[in-house]
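Sequences are here, hints too, so could you generate the full structure?
2 protein chains.
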Amino acid sequence: MRLKTLGEVGLIERIAKKIKVDKTVIRGIGEDCAVIRLSKKKLLLLTIDMLIEGVHFKAKETSPFQIGWKSLACGISDIAAMGGVAEYAVVSLGLPAKLPVEFVDGIYKGIKSLGRRFDVKIIGGDTNSSKELVIDVAVLGFVEPRRLVSRSGAKIGDIVCVTGVLGGSYKSGRHLKFVPRLKEARALVKNYRVNSMIDLSDGLSTDLNHMAKESEVGACIYKELIPISKDASSFDAALNEGEDFELLFTLPLIEARRLAAKKPNGIRLPITQIGEIIDKKMGVKIIDRFGRVKELKPKGYRHF
Amino acid sequence: MRLKTLGEVGLIERIAKKIKVDKTVIRGIGEDCAVIRLSKKKLLLLTIDMLIEGVHFKAKETSPFQIGWKSLACGISDIAAMGGVAEYAVVSLGLPAKLPVEFVDGIYKGIKSLGRRFDVKIIGGDTNSSKELVIDVAVLGFVEPRRLVSRSGAKIGDIVCVTGVLGGSYKSGRHLKFVPRLKEARALVKNYRVNSMIDLSDGLSTDLNHMAKESEVGACIYKELIPISKDASSFDAALNEGEDFELLFTLPLIEARRLAAKKPNGIRLPITQIGEIIDKKMGVKIIDRFGRVKELKPKGYRHF
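Note that the protein sequences, when read in sequence, are chains C and A.
Read in the numbering used here, the first sequence has 293 at position 293, and its numbers run on one by one without any break.
Read in the numbering used here, the second sequence has 124 at position 124, and its numbers run on one by one without any break.
Short, incomplete list of chain C residues facing chain A, as computed with Cβ under 10 Å:
(1) Glu-8
(2) Arg-14
(3) Ile-15
(4) Cys-33
(5) Met-50
(6) Glu-53
(7) Val-91
(8) Ser-92
(9) Gly-94
(10) Ala-97
(11) Pro-100
(12) Tyr-108
(13) Lys-112
(14) Ile-122
(15) Thr-127
Straight-line Cα separation of at most 35 Å, DSBU-like style, residue types lysine-lysine; simulated pairs:
(16) C:Lys-4 with A:Lys-121
(17) C:Lys-183 with C:Lys-155
(18) A:Lys-18 with C:Lys-109
(19) C:Lys-98 with A:Lys-4
(20) C:Lys-17 with A:Lys-58
(21) C:Lys-58 with C:Lys-230
(22) A:Lys-121 with A:Lys-20
(23) C:Lys-213 with A:Lys-109
(24) A:Lys-294 with A:Lys-262
(25) C:Lys-299 with A:Lys-98
(26) C:Lys-131 with C:Lys-4
(27) C:Lys-23 with A:Lys-23
(28) A:Lys-18 with A:Lys-285
(29) C:Lys-121 with A:Lys-183
(30) C:Lys-121 with A:Lys-18
(31) C:Lys-109 with A:Lys-297
(32) C:Lys-4 with A:Lys-177
(33) A:Lys-230 with A:Lys-4
(34) A:Lys-42 with C:Lys-20
(35) A:Lys-177 with C:Lys-23
Computed, partial: chain A to chain C, Cβ under 7 Å:
(36) Lys-4
(37) Leu-11
(38) Ile-15
(39) Ile-29
(40) Ile-48
If you are wondering where the hints come from, they were derived from the structure by calculation, not from laboratory data.
Bear in mind that the values here come from a model prediction, so they are computed numbers and not experimental data.
Even for Gly, the Cβ is constructed at its ideal location relative to N, Cα and C.
This is the structure in structure tokens:
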């Protein structure tokens with residue numbers, strides 16, 4: 001079978017099936033980050049994200065600064081989605097030998113600039129020659145056990161929320177210069193009982209389906225409530241485009257009310273309640289203002 | 001300036017210069033692994049290694065099993081070189097969409113087979129479509145502070161040793177199926193006062209120069225003493241070819257004598273004393289059986 005036929009989710013499921021871990025591994029393949037038990041008070045988070053020229057960016061249209069920035073931002077966003085703090089990163093580069101050294105300097109300027117903003121230390125890496133530019137960044141972080149949150153913890157009755165506004169990320173170039181929602185995520189897990197969280201990389205429709213599947217629940221969201229970016233060309237863009245890197249999270253109704261009444265310090269972004277978690281049997285639905293219910297199909301980014 | 005002109009070592013120095021870390025970072029860019037202080041009793045090791053089709057292997061001549069095996073083996077070898085134990089790995093893949101799924105299965109068979117051997121758990125990763133096959137593996141391990149060893153600790157008067165035999169790794173295909181010397185490294189750091197260690201990835205001539213430079217010492221080795229593999233086509237192959245993934249290490253004379261008298265349990269490989277650490281002013285030398293001294297130039301693998 002070709003990868004194209006199987007798709008990314010199918011591939012990950014196929015890989016995860018045959019992998020053996022032990023009880024120190026709290027979360028493994030299938031989550032935004034792997035989670036390892038270090039001690040009673042400390043969990044370790046580890047994530048890795050690859051960007052490839054011609055797939056994730058066009059070398060001629062993207063500045064090296066943006067490539068570097070984004071390569072680290074993806075990993076920090078994954079750590080944020082688990083409620084953690086990002087601390088260290090290692091950077092693996094595949095570089096065409098004819099590339100000017102100044103281009104590599106530019107990539108590192110982007111990495112360091114974002115690193116400084118979130119106090120993430122660059123502690124090592126690997127450099128290789130390659131035909132296409134490849135950059136792969138592993139980010140290491142920590143989280144307290146009671147603050148750990150993941151895509152698989154959504155509970156029936158939870159309110160579904162998103163930070164910020166959605167859509168038009170590619171068109172506006174926001175996907176290359178987004179700020180990971182780490183501070184917002186920390187403020188949320190410190191102040192509220194958040195049951196599940198995921199960062200919106202593949203698009204709301206796809207990531208909500210991921211969350212529902214991993215949590216073994218259903219979800220329904222209201223079309224009218226989805227916060228649309230001024231950059232989005234249509235409602236469908238906000239629903240499906242991806243690379244928004246906003247947080248999608250769920251929390252019990254009582255907590256959602258507290259959050260709506262008073263946002264915690266450190267969150268300036270809008271937070272919007274867009275729906276609720278329902279029984280798995282009901283599936284994942286979207287409801288329009290006339291009350292018409294449709295299945296919400298994952299129409300976001302397909303990797304293969 | 002082009003990367004080709006600067007070279008890999010120049011590039012790494014250029015990158016390392018402008019990187020800021022903090023006091024939790026015991027070793028950063030320039031070592032085999034990054035080293036982070038977790039507690040008084042525990043240091044964390046993190047390393048990342050990228051393999052690229054057409055650079056590190058030819059897809060048609062290499063089995064997916066071997067690609068997977070090697071991608072993890074490089075990282076475990078790095079952890080070994082610091083005296084540590086490898087525990088977890090995350091795997092980033094760039095895969096051509098037309099690749100058969102069975103090829104990816106084969107890569108994971110190789111990864112899991114080596115993982116089982118050293119009890120390294122695969123806990124996550126990233127999958128992407130790409131033109132060429134790229135596989136990047138980050139390995140996480142731990143080491144006790146008193147057992148940490150690195151390439152930068154060699155002291156004047158130390159004896160220089162290598163495990164196993166050198167040369168012919170490419171020709172014989174050993175570079176794709178080597179067993180990282182983790183058990184040997186652990187037996188060494190547990191039983192002897194090892195001052196410095198490095199894994200031989202770029203070739204003895206190059207890696208000894210790395211070690212000398214990072215330790216701010218010189219070194220001299222004896223041509224007659226270098227253990228040559230039966231696969232090596234010449235003495236120069238043993239000296240320069242690289243990808244042997246044996247351990248090069250130094251320890252005080254008194255410790256070297258103990259080691260020569262009785263190898264610790266768990267080491268079946270030959271261990272050969274090949275020279276000594278000398279003053280930096282003397283440089284890095286090789287002496288033949290007629291007592292003729294030559295400068296030992298780093299003639300190993302150049303990445304750009």
